[in-house]
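Visitor: The lines below spell out each chain.
There are 2 protein chains.
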Amino acid sequence: MDLERLFKPKSMAVVGISKKNPLSPGRIVLLKNEFEMNVKVYGIYPNGGNIEGIKLYERLDKLPEIPDLLVIAVGPDDTLNYIKDCANLNIPAAVIIGGGFAEIGGKGKKRQEELEKIAFENDIAVLGPNCLGVYAPPIVDTIFLPTERITRPPKGSVALISQSGGVLVDQFFVKFNERHIGVSTAVSIGNRAVVDEEMLLEYFSQVDPETTNIAFYLEGFKEGKARKFLQLAKKSEDTVIVFFGGKTREGKVATQSHTASLAGDFKIIYNALRQHYIIQPHSERELLTCLKVYDLLSHKRNPFGKNVITYGNVAIVSVSGGHAVLASDMLKKYGLNAIRFSQQEKRKLKSLVNSTIQDIASFNNPIDLTGSVLDRDIENIIRYLSDLDKIECIILLLLPYPPNISFQIGSRIANIITSKKKPIVCFVPYVSKYSLIIESLELAYIPVFHSIKEAVQAVSALKERTRVDNLKIKNLFWERST
Amino acid sequence: MDLERLFKPKSMAVVGISKKNPLSPGRIVLLKNEFEMNVKVYGIYPNGGNIEGIKLYERLDKLPEIPDLLVIAVGPDDTLNYIKDCANLNIPAAVIIGGGFAEIGGKGKKRQEELEKIAFENDIAVLGPNCLGVYAPPIVDTIFLPTERITRPPKGSVALISQSGGVLVDQFFVKFNERHIGVSTAVSIGNRAVVDEEMLLEYFSQVDPETTNIAFYLEGFKEGKARKFLQLAKKSEDTVIVFFGGKTREGKVATQSHTASLAGDFKIIYNALRQHYIIQPHSERELLTCLKVYDLLSHKRNPFGKNVITYGNVAIVSVSGGHAVLASDMLKKYGLNAIRFSQQEKRKLKSLVNSTIQDIASFNNPIDLTGSVLDRDIENIIRYLSDLDKIECIILLLLPYPPNISFQIGSRIANIITSKKKPIVCFVPYVSKYSLIIESLELAYIPVFHSIKEAVQAVSALKERTRVDNLKIKNLFWERST
Numbered sequence: 233m234d235l236e237r238l239f240k241p242k243s244m245a246v247v248g249i250s251k252k253n254p255l256s257p258g259r260i261v262l263l264k265n266e267f268e269m270n271v272k273v274y275g276i277y278p279n280g281g282n283i284e285g286i287k288l289y290e291r292l293d294k295l296p297e298i299p300d301l302l303v304i305a306v307g308p309d310d311t312l313n314y315i316k317d318c319a320n321l322n323i324p325a326a327v328i329i330g331g332g333f334a335e336i337g338g339k340g341k342k343r344q345e346e347l348e349k350i351a352f353e354n355d356i357a358v359l360g361p362n363c364l365g366v367y368a369p370p371i372v373d374t375i376f377l378p379t380e381r382i383t384r385p386p387k388g389s390v391a392l393i394s395q396s397g398g399v400l401v402d403q404f405f406v407k408f409n410e411r412h413i414g415v416s417t418a419v420s421i422g423n424r425a426v427v428d429e430e431m432l433l434e435y436f437s438q439v440d441p442e443t444t445n446i447a448f449y450l451e452g453f454k455e456g457k458a459r460k461f462l463q464l465a466k467k468s469e470d471t472v473i474v475f476f477g478g479k480t481r482e483g484k485v486a487t488q489s490h491t492a493s494l495a496g497d498f499k500i501i502y503n504a505l506r507q508h509y510i511i512q513p514h515s516e517r518e519l520l521t522c523l524k525v526y527d528l529l530s531h532k533r534n535p536f537g538k539n540v541i542t543y544g545n546v547a548i549v550s551v552s553g554g555h556a557v558l559a560s561d562m563l564k565k566y567g568l569n570a571i572r573f574s575q576q577e578k579r580k581l582k583s584l585v586n587s588t589i590q591d592i593a594s595f596n597n598p599i600d601l602t603g604s605v606l607d608r609d610i611e612n613i614i615r616y617l618s619d620l621d622k623i624e625c626i627i628l629l630l631l632p633y634p635p636n637i638s639f640q641i642g643s644r645i646a647n648i649i650t651s652k653k654k655p656i657v658c659f660v661p662y663v664s665k666y667s668l669i670i671e672s673l674e675l676a677y678i679p680v681f682h683s684i685k686e687a688v689q690a691v692s693a694l695k696e697r698t699r700v701d702n703l704k705i706k707n708l709f710w711e712r713s714t
Numbered sequence: 233m234d235l236e237r238l239f240k241p242k243s244m245a246v247v248g249i250s251k252k253n254p255l256s257p258g259r260i261v262l263l264k265n266e267f268e269m270n271v272k273v274y275g276i277y278p279n280g281g282n283i284e285g286i287k288l289y290e291r292l293d294k295l296p297e298i299p300d301l302l303v304i305a306v307g308p309d310d311t312l313n314y315i316k317d318c319a320n321l322n323i324p325a326a327v328i329i330g331g332g333f334a335e336i337g338g339k340g341k342k343r344q345e346e347l348e349k350i351a352f353e354n355d356i357a358v359l360g361p362n363c364l365g366v367y368a369p370p371i372v373d374t375i376f377l378p379t380e381r382i383t384r385p386p387k388g389s390v391a392l393i394s395q396s397g398g399v400l401v402d403q404f405f406v407k408f409n410e411r412h413i414g415v416s417t418a419v420s421i422g423n424r425a426v427v428d429e430e431m432l433l434e435y436f437s438q439v440d441p442e443t444t445n446i447a448f449y450l451e452g453f454k455e456g457k458a459r460k461f462l463q464l465a466k467k468s469e470d471t472v473i474v475f476f477g478g479k480t481r482e483g484k485v486a487t488q489s490h491t492a493s494l495a496g497d498f499k500i501i502y503n504a505l506r507q508h509y510i511i512q513p514h515s516e517r518e519l520l521t522c523l524k525v526y527d528l529l530s531h532k533r534n535p536f537g538k539n540v541i542t543y544g545n546v547a548i549v550s551v552s553g554g555h556a557v558l559a560s561d562m563l564k565k566y567g568l569n570a571i572r573f574s575q576q577e578k579r580k581l582k583s584l585v586n587s588t589i590q591d592i593a594s595f596n597n598p599i600d601l602t603g604s605v606l607d608r609d610i611e612n613i614i615r616y617l618s619d620l621d622k623i624e625c626i627i628l629l630l631l632p633y634p635p636n637i638s639f640q641i642g643s644r645i646a647n648i649i650t651s652k653k654k655p656i657v658c659f660v661p662y663v664s665k666y667s668l669i670i671e672s673l674e675l676a677y678i679p680v681f682h683s684i685k686e687a688v689q690a691v692s693a694l695k696e697r698t699r700v701d702n703l704k705i706k707n708l709f710w711e712r713s714t
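Chains A and B are the protein sequences, given in the same order. Quick note, in my numbering, the first sequence goes up one by one and the last residue is 714. Quick note, in my numbering, the second sequence goes up one by one and the last residue is 714.
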């Protein structure tokens, strides 16, 4: 199936437009794509006419061209008729917004079977039913909620696939925006009658050049699809992340493991995924942290190169003792290690800071430079730590409250990091007045988080990706040598 | 000791002012209180003179009055001399900002012993050393960080006592502001040489009329103080909340339990606190949730009266199926229960919504009104649920994405709740464009949270307070009858 026509259509048609109700889903999708997106969009309406200057066509076969994609926003029985039209007219892709299929059981289930039959026989890439569809900036957006009401994430490297449309638009879009995580394509798969997680993994991994991180928010694998999914993940050059949301993870995974013919216990599934080089965050927040750090470091111009390699050996730099302790205490839980400084290194560190703080600062790991810190103390320490090979990553807890920290501190750190190329993750409080500092760091591709926990999680995410990448490389050598 | 002079001084003096360095702690405290706070403030400087129009006095004994409070921002040895001055001049309270005491061991420990001796012999309420001191709006603020750099929480009912100054100013002030949690007084206790958690609990519980919620962020109890603290908590009419932060809770509590003469295992401490009617959140986020809901419902005009009583029987109302499931799945973990509707009640609920959604909405608990919901559907459902006695609290997951939800929805719900007085907790996404909805709800004292988890935690916090209040009442009867 040609998923490219689904996600990068040159033209699309919309059915289910209301002339009376300006908020009908079909009409919102029509106007949104006409006025906000790049795709050429046609509206279908039985009597023709026009809406806000857009000419409407009476039937699909009256369109001046065969569209790549049909967005269907009508009741379930009419939907099936439109899918038949796709078959007859060779329309290669469709998004079905409405419900009334397998999710209601009974006759809905039969409808879905018929839908699947037509789609597979005619090779139509059908997304849904019962879904929000696709948001693939700047090309297409089939989300029927008014743009001004939702929050759109920026463009980036993450293909985001969600079984729940509500969670996609609310939890993910809002938090992606807050954290500046960019999507290549966001997909709401709904009932996943035809296009499912396996096809999507294949497409984003092997076809789509914009995607380097593929994230799934699933309640469970589709029946019979787990094995193929794992094989695809194992071969993928992209980073594959799976998070089981919805019901308690244990319960959900146990349920689906049965249908997916894997042993029915969470630990086993977890290990199976782990062995197939899939990254599994432990919470939604950790999922967001992973995606932020992977997305930011996917930029070609990031100073650390394609893959940041870390086995978890960190140095923590703070200007507040309390924050240093909190971060330090979290390291173990996340499999990280604060490397020890030798006496000589401690003396050197001490010599690098202003005389006021030499006796009150702490030069163990964590390093606490105290509230009397100056910009150049932070610079000197970061520069020195960057040259220590045993430190793989720096965690900088940058509270801008001490009176002598200037608002140039972000770009001053960015300058050092850009030349030294030592991976660094920062914590800066999420307060709008500090956006100058935050932006100067992130412009240099230095990830900034707004809680200590997320900063620690971010390094753990890099460590986990290092593990996965190493396994993939080993696997590649092994395959070549056999 | 007279803590009122510490937290509500009519006059204060500051020592440790630099004429050269505009960012010296003493100078920041002087200017901050002169220009931003209500207290009468005097500066002490050996040669007199003035700073920004504020006359400086050469010595404490040259001041036109004996100040209520002395803020000391000098080195540790000079600090001791100033404490002696307090004794000689009968200054009843002091804040010691600087360190160099017990926290550095050795001679620092001796200094602290001397400090304690003078303070206790002369009845001086000394806060610190090694602390940020007091923020008691609108009277006094001894936090030596520039006001424009930090975030100040609004005025409210919470006395917030923190062992870590950094955590107080960063974690708490920032998040209190974000969540609109108000403080009566915020206290950084530092080394708590003299004024400690027990004295503070006594003061806020028995003296301060503005405080109705007393929250402690401790690493552990001060040696020998746990038992008295527990007795005070048991008798307190205020809600007492304790959270052990810093190192892993288990480890910390185990350590301090020894010194506090309680058995050295977390479970035992936890139960001891629970038996003494202290609320113990499980995470910092849950702590914030508790404080937000307790603070908002401490307002005299809140429609639910002084104490919201709930044993955890809730109804969930959502406009997104995914969100409904997420909330529903969390109930059990937080000890809550989604009450079951009878067939008759379900029929009634169905009859209350517009015909478009009658067949697609779900009228189990959670109720899912779908994206085709209208304002008046939500109103009708809330009104009906308010009249059902078996529902103690409503959890409303209010995503404003569906196109027909208006921006009046907040005040429309507030109107119903104000007349029906049924406790309700809302989730609304944390996106600035929805502030109109959020503000209309919170103006009516309806707590709004920005994650589903926090909305569920909030009801759990009310249930826990109900348990504690019931125990306190029982205890009172028991004491009276014996």
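Warning: the hint list may mix true and false statements.
Pairs involving identical chains hold if they fit within one copy or between any two copies, as the list cannot separate such chains.
Dumping the calculated DSS-like pairs for lysine-lysine here, alpha-carbon to alpha-carbon at most 30 Å [stated by the list, open to error]:
hint: 1; residue 1: LYS499; residue 2: LYS565
hint: 2; residue 1: LYS339; residue 2: LYS580
hint: 3; residue 1: LYS251; residue 2: LYS665
hint: 4; residue 1: LYS272; residue 2: LYS342
hint: 5; residue 1: LYS499; residue 2: LYS564
hint: 6; residue 1: LYS251; residue 2: LYS706
hint: 7; residue 1: LYS264; residue 2: LYS665
hint: 8; residue 1: LYS665; residue 2: LYS242
hint: 9; residue 1: LYS349; residue 2: LYS565
hint: 10; residue 1: LYS454; residue 2: LYS387
hint: 11; residue 1: LYS704; residue 2: LYS499
hint: 12; residue 1: LYS652; residue 2: LYS665
hint: 13; residue 1: LYS387; residue 2: LYS685
hint: 14; residue 1: LYS240; residue 2: LYS582
hint: 15; residue 1: LYS466; residue 2: LYS316
hint: 16; residue 1: LYS622; residue 2: LYS341
hint: 17; residue 1: LYS665; residue 2: LYS387
hint: 18; residue 1: LYS240; residue 2: LYS622
hint: 19; residue 1: LYS652; residue 2: LYS339
hint: 20; residue 1: LYS652; residue 2: LYS294
hint: 21; residue 1: LYS294; residue 2: LYS706
hint: 22; residue 1: LYS349; residue 2: LYS242
hint: 23; residue 1: LYS582; residue 2: LYS316
hint: 24; residue 1: LYS287; residue 2: LYS565
hint: 25; residue 1: LYS565; residue 2: LYS685
hint: 26; residue 1: LYS578; residue 2: LYS704
hint: 27; residue 1: LYS339; residue 2: LYS387
hint: 28; residue 1: LYS685; residue 2: LYS564
hint: 29; residue 1: LYS582; residue 2: LYS342
hint: 30; residue 1: LYS387; residue 2: LYS252
What the hints contain is simulated information worked out from the structure, not anything from laboratory work. Since this is a predicted model, take the numbers as computed values, not measurements.
Visitor: Evaluate each hint against the coordinates.
Guide: Hints, one by one, checked against the model:
| no. | hint | verdict |
| --- | --- | --- |
| 1 | LYS499 x LYS565 | both (18 Å within a copy, 21 Å between copies) |
| 2 | LYS339 x LYS580 | between (75 Å within a copy, 26 Å between copies) |
| 3 | LYS251 x LYS665 | between (46 Å within a copy, 28 Å between copies) |
| 4 | LYS272 x LYS342 | neither (34 Å within a copy, 80 Å between copies) |
| 5 | LYS499 x LYS564 | both (21 Å within a copy, 22 Å between copies) |
| 6 | LYS251 x LYS706 | neither (59 Å within a copy, 65 Å between copies) |
| 7 | LYS264 x LYS665 | between (34 Å within a copy, 19 Å between copies) |
| 8 | LYS665 x LYS242 | neither (42 Å within a copy, 33 Å between copies) |
| 9 | LYS349 x LYS565 | neither (49 Å within a copy, 42 Å between copies) |
| 10 | LYS454 x LYS387 | within (28 Å within a copy, 52 Å between copies) |
| 11 | LYS704 x LYS499 | within (22 Å within a copy, 44 Å between copies) |
| 12 | LYS652 x LYS665 | within (28 Å within a copy, 41 Å between copies) |
| 13 | LYS387 x LYS685 | both (26 Å within a copy, 28 Å between copies) |
| 14 | LYS240 x LYS582 | neither (56 Å within a copy, 41 Å between copies) |
| 15 | LYS466 x LYS316 | neither (37 Å within a copy, 72 Å between copies) |
| 16 | LYS622 x LYS341 | neither (59 Å within a copy, 36 Å between copies) |
| 17 | LYS665 x LYS387 | both (25 Å within a copy, 21 Å between copies) |
| 18 | LYS240 x LYS622 | neither (45 Å within a copy, 52 Å between copies) |
| 19 | LYS652 x LYS339 | neither (64 Å within a copy, 42 Å between copies) |
| 20 | LYS652 x LYS294 | neither (62 Å within a copy, 57 Å between copies) |
| 21 | LYS294 x LYS706 | neither (55 Å within a copy, 79 Å between copies) |
| 22 | LYS349 x LYS242 | within (26 Å within a copy, 82 Å between copies) |
| 23 | LYS582 x LYS316 | neither (75 Å within a copy, 35 Å between copies) |
| 24 | LYS287 x LYS565 | neither (60 Å within a copy, 54 Å between copies) |
| 25 | LYS565 x LYS685 | both (11 Å within a copy, 22 Å between copies) |
| 26 | LYS578 x LYS704 | neither (38 Å within a copy, 54 Å between copies) |
| 27 | LYS339 x LYS387 | neither (40 Å within a copy, 59 Å between copies) |
| 28 | LYS685 x LYS564 | both (12 Å within a copy, 26 Å between copies) |
| 29 | LYS582 x LYS342 | between (74 Å within a copy, 26 Å between copies) |
| 30 | LYS387 x LYS252 | neither (34 Å within a copy, 50 Å between copies) |
The structure fails hints 4, 6, 8, 9, 14, 15, 16, 18, 19, 20, 21, 23, 24, 26, 27 and 30 (numbered hints given earlier, in ascending order).
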